[in-house]
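Kindly generate the complete structure, drawing on both the sequences and the hints.
Protein chains in written order, with the numbering used here: chain A, 1 to 216; chain B, 1 to 640; chain C, 1 to 288.
Since the hints were made in silico from the structure, they are not lab data. Values in this document were obtained by computation on a predicted structure and should not be read as measured data. Ideal Cβ positions, reconstructed from N, Cα and C, are used throughout, including at glycine. Please note that the accuracy of each hint is not assured.
[Unchecked claim] Which residues of chain B face chain C? A partial, calculated answer using Cβ under 10 angstroms:
(1) G226
(2) R428
(3) L439
(4) V608
(5) A610
(6) Y614
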Amino acid sequence: MARRVALTGSVAIVLIAAVLFYLLDFLFTAPPAISAVISGGEAHLTLQTVPSYGHAPDPDWVSYLAKDQDGHWVHTTIYKVPAHTLVTVTVYQYDTATGLRNPFLGQVRGTVGGVATYNGKVLSVLDPNDASHTFTVPDLGISVALPGVNNNAPNQCSAAPCPLSEAHTTITFSFMSPGPGTYRWQCFVPCAAGFYLGNGGPMQTLGWMDGEIEVT
Amino acid sequence: MEATSLPAASTAPPSPIWRELLGNYGLPWAVILGIVGYIVGHWVGVRITVDVQAQVETDQNDVAIFLGMIFAIFGWLGGLGFFSYPISRMLGRPPSHSEREDHGPWRYLRLCTDHKVVGIQYLVAVIFFFFVAGFNAMMIRSELTSANATLVNAGNYLTLVGLHGTMMLMMMSAGVLGPLGNYLVPLMIGSRRMAFPRIEALTLWLTVLAGFILLSAILLGGFPTGWTGYAPLADQARGGIDAYLVSFFLIGLALILVGTNVLTTVITMRAPGMTWNRIPIFVWGLAATSVLAVLAAPVLAAAIIMVGLDRTVDTSFFQAPEGGSPFLWDNLFWFFGHPEVYILALPGFGIVLEILPVFARKPLWGYRLAVAGMSGVALMSFMVWQHHLFVSGINANLRPFYMFTTELISIPTGVIFLNGMGTLWRARIRYTVPMLFALSFFFNFLIGGLSGVFLSDVPSDVTTHGSYFVMAHFHYTIMGGLVFALMGGVYYWVPKMTGWKLNEALGKLHFWTMFVFFNLTFFPLFAAGLLGMPRRVTNYNASLHTLNVFVSIMAFCLGASMLIFLVNLVWSLVFKREPAGANPWESKGLEWMVPSPPPVHNFDSIPVIAGLPYTYGMPDAPAVASLGPPRVAVPEGGAA
Amino acid sequence: MSAVAHDAGGPGEPRHGVRIATIWAVATAVCVPLMIWVVGPHIPPYNGSLQTKEQHDVNVTLASLAVPILLMIWVYFGYSIAVFRQRGTVIVDGPPDTGEPRIQVLWVAVTSVLVLGLAIYGTIGLLGASKGAGGGQGPNPLVKPENANKILQVQVIGQQWLWTYRFPQYGGVETPNLELPVNEWVAFNVTSLDVIHSFWAYELGVKADAVPGSNNIAYAKPLRLESFQVRCAELCGIWHGHMNMVGQVVTKAQFASWIASQDRKYAGVTKYLPPYAPYYYPVPLRRG
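In structure tokens, the structure reads:
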């Protein structure tokens with residue numbers, strides 16, 4: 001009898017441990033959320049896109065990174081912004097161009113003035129063949145295509161986080177954040193190298209090319 | 001003499017645990033060699049694809065993963081000792097490994113060719129994976145309590161959905177055929193064994209392996225396609241889909257093998273006197289299921305290989321830009337997928353029609369009609385699969401035809417209800433737990449079947465396809481039908497298989513909570529689908545929030561009711577162990593004429609069958625078989 | 001062994017068949033009108049389009065037919081469970097009925113007729129005025145509205161994970177928003193750029209799978225000025241459940257001004273779009 005109790009008990013403990021591992025180590029894992037920097041009633045988000053993450057054991061995929069309030073680059077795509085505030089986003093883009101699958105997404109949408117600033121030049125449409133990534137929030141109608149660095153540019157970035165000394169393009173745009181809620185965002189360039197149609201892997205994983213904007 | 005759970009124990013002194021676990025072929029070695037095999041195969045795969053660009057760029061090497069899993073399969077089978085018999089015979093040596101051990105609890109962890117041991121191993125495996133899949137369902141419902149915010153991140157949610165669906169379907173395909181089929185078919189037809197005992201053991205261990213490989217998808221990044229594995233998305237997915245593909249392939253293989261085994265057994269190994277119209281209806285149900293399994297599963301296996309080739313060596317079977325077609329996967333998968341759901345449903349019919357006469361104390365009404373109905377369902381299930389594709393862009397001329405065949409299949413399916421109604425007419429019903437489950441089958445399957453008529457009508461299907469209406473339909477038919485029938489079968493036959501009774505009070509509590517909460521969980525989902533909620537989403541219209549919260553709470557209660565079942569099993573079979581005797585239900589079936597549990601050789605001498613086992617109300621009818629004189633003294637309550 | 005021989009049922013045995021039939025008839029007489037006139041109007045989908053009206057009618061008809069069948073089984077089983085029970089603790093057998101061929105034949109005949117009738121009814125609904133009931137009919141639809149090539153054509157492009165719409169009759173302009181004129185037929189030409197999606201416009205009763213390399217045509221005629229939800233009904237990856245948007249049915253004049261404004265707004269990008277085609281194979285074709 002004691003043996004049966006011991007056996008049943010140990011099986012139960014093993015199963016509960018397995019369940020806990022499943023929940024904590026897989027189901028409930030998510031990238032950390034970083035908050036936009038607030039100054040003067042406006043919010044500022046600084047992001048970068050890198051061609052290869054370069055830190056094992058994580059895969060070596062393309063990724064977005066974000067700067068947190070202490071100025072450190074964090075590997076996450078979950079951003080917190082305050083509601084009904086002007087949010088200015090600066091993206092340092094280090095990857096080469098792949099081109100848009102649907103050229104329509106070269107159109108800048110949902111930003112203040114319907115434009116974005118590309119390396120100082122103000123544009124409302126980006127040539128779709130130049131796009132390396134996009135920052136698109138479909139539910140808010142915001143979409144900005146991000147141009148790539150020249151394939152032959154010297155000094156290209158190889159591992160995140162990339163410093164400003166390496167080849168990059170700079171894009172800035174602003175939008176008004178809506179009321180509270182969680183809004184998903186994604187990249188629309190099929191930039192997942194090696195995956196069918198370029199839409200697998202990082203394009204379907206939070207923390208890489210997909211994320212959420214939590215408006216509070 | 002006190003009835004014991006196991007036949008006469010060996011007189012050798014018991015070995016220490018570590019020697020039992022590691023000194024013999026068995027599950028521990030299977031796991032070890034399986035993992036070693038995966039590592040070796042993965043390494044080989046990486047070596048041979050070292051300069052293949054796609055494998056390098058994606059940071060996951062599908063060739064390595066597939067090769068690793070293939071090596072793991074061989075390691076697993078080797079660790080269980082499947083190669084020892086063929087190799088020793090090839091070398092001309094007598095087989096060294098005794099596979100038909102007839103004593104010791106350790107044989108349940110090993111390759112055992114006794115069909116009764118395999119049946120119990122299957123039952124434990126099916127129940128284990130059922131709870132794993134059910135736990136995933138609880139997590140799905142937790143996520144759906146909120147219309148927007150996410151508890152589980154969006155990528156992992158799809159893996160949850162895929163794990164729940166795939167694991168349930170994989171396990172329930174062999175859910176009756178495996179445990180109850182392997183255990184009971186020889187006993188019911190008067191045979192000492194199945195036709196292919198070693199293949200029988202193989203199907204069990206492949207099924208267990210498939211379950212573990214599917215779970216390993218978690219370690220490979222999950223898979224986003226759900227159980228239907230739709231092809232262009234499957235080509236794009238991360239390494240977890242390789243686990244899905246390999247495990248589903250193994251299940252397909254197991255289905256083919258178990259179907260062949262059951263069919264061959266039923267055709268060739270019936271006892272003298274068992275003509276075709278004396279075969280118990282449960283065995284007929286399994287025979288019809290086996291025909292489906294043997295004919296449909298190969299199509300799935302082929303389709304899976306094609307996706308595997310797309311992912312590894314760059315073929316384009318399902319890739320439209322390169323000349324392939326996503327419609328190919330649609331059709332291949334559903335050509336298997338529709339018979340698959342009848343593989344799930346038919347055994348449920350068999351169990352219910354087998355149980356009903358015992359507790360209604362009346363013969364099965366319309367036996368030949370029931371057989372015709374099951375055969376009709378099996379035959380027609382190959383002619384309806386396009387109803388999954390009504391709005392997919394298939395040739396519009398086909399739609400009225402498939403609408404017609406799908407509606408037509410409700411005729412043989414409906415025949416089961418007539419059998420049930422006829423059996424209950426002026427019966428003397430005893431409300432034991434198996435009977436409660438059998439009766440609830442009719443209630444649930446009616447709702448499931450009628451909702452299927454809605455779905456078969458194309459105009460109605462336009463809104464309900466791909467929505468929660470379909471979800472409710474198949475949960476009513478498969479869970480309300482098959483799982484409830486399986487529960488009935490478990491409560492009915494476990495006393496025979498183990499010699500111990502399951503607690504009746506706990507069983508009734510389990511039944512009532514399961515029945516009530518099942519209906520409260522799934523009935524509102526018909527409304528959710530009609531109101532516009534698609535399947536496999538975390539995000540839904542805010543107006544459906546209250547409904548989803550209600551359904552989730554009911555689902556948690558349903559999960560709790562399944563825990564009652566688990567408690568009943570553990571309490572009754574591990575701790576209480578109240579002896580059941582040979583025939584606790586006063587049934588006239590052949591399997592109830594031998595002791596509980598049956599001796600290793602089932603029957604002392606092969607019985608001679610006298611008729612159908614449904615001679616209730618016929619006091620002059622002979623027993624279903626004459627067993628001949630026993631060779632050894634049997635405990636009281638054994639053969640009549 | 002069974003304990004006691006069966007109870008043959010003597011002259012005092014009530015006429016169960018008559019009782020069951022009566023209960024069923026009364027229940028049917030009450031419930032079928034309830035279904036048709038009280039519950040029926042609330043069964044979705046509602047009157048957003050000609051197609052949802054057809055679907056609604058089919059749903060109400062099927063539900064009204066299902067009610068007598070449901071009641072028959074429930075009444076029979078309920079009666080049996082209540083009345084045909086073992087009384088006391090001694091196990092008694094029932095009468096040794098094994099089947100009655102006439103009842104079996106009648107049952108199969110009645111169900112066959114019902115099924116045949118349903119199939120004919122469904123086909124008529126599908127091929128009738130609703131022109132396919134809003135379902136996608138593939139590139140060669142079987143039933144089309146009159147002047148099918150003159151009606152408004154909307155190409156629905158599904159991509160991971162967004163719906164965009166192109167209007168070939170308006171210069172091939174592409175827009176992520178959708179407005180449709182009321183009381184006018186519209187042909188949805190649904191295709192995909194990557195994996196299989198499914199365009200589901202709920203209030204319009206339209207569902208058509210978006211398959212890459214294929215054009216799936218569905219017809220609808222919106223009847224009310226209302227907004228409609230668009231959702232994706234085929235699992236397509238991580239944001240499948242978020243591939244939602246809201247369209248609007250507006251008057252003809254409002255539609256004309258809307259499409260002109262979209263033309264102006266997206267003029268900058270229209271020149272980059274490929275020429276309008278039933279389906280597209282945009283690069284990158286294969287792996288990244």
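Checked hints:
no., hint, verdict
1, G226, "holds, 5 angstroms"
2, R428, "holds, 4 angstroms"
3, L439, "holds, 7 angstroms"
4, V608, "violated, 19 angstroms"
5, A610, "violated, 15 angstroms"
6, Y614, "holds, 8 angstroms"
In this structure, the earlier hints numbered 4, 5 are contradicted, and the remaining ones agree with it.
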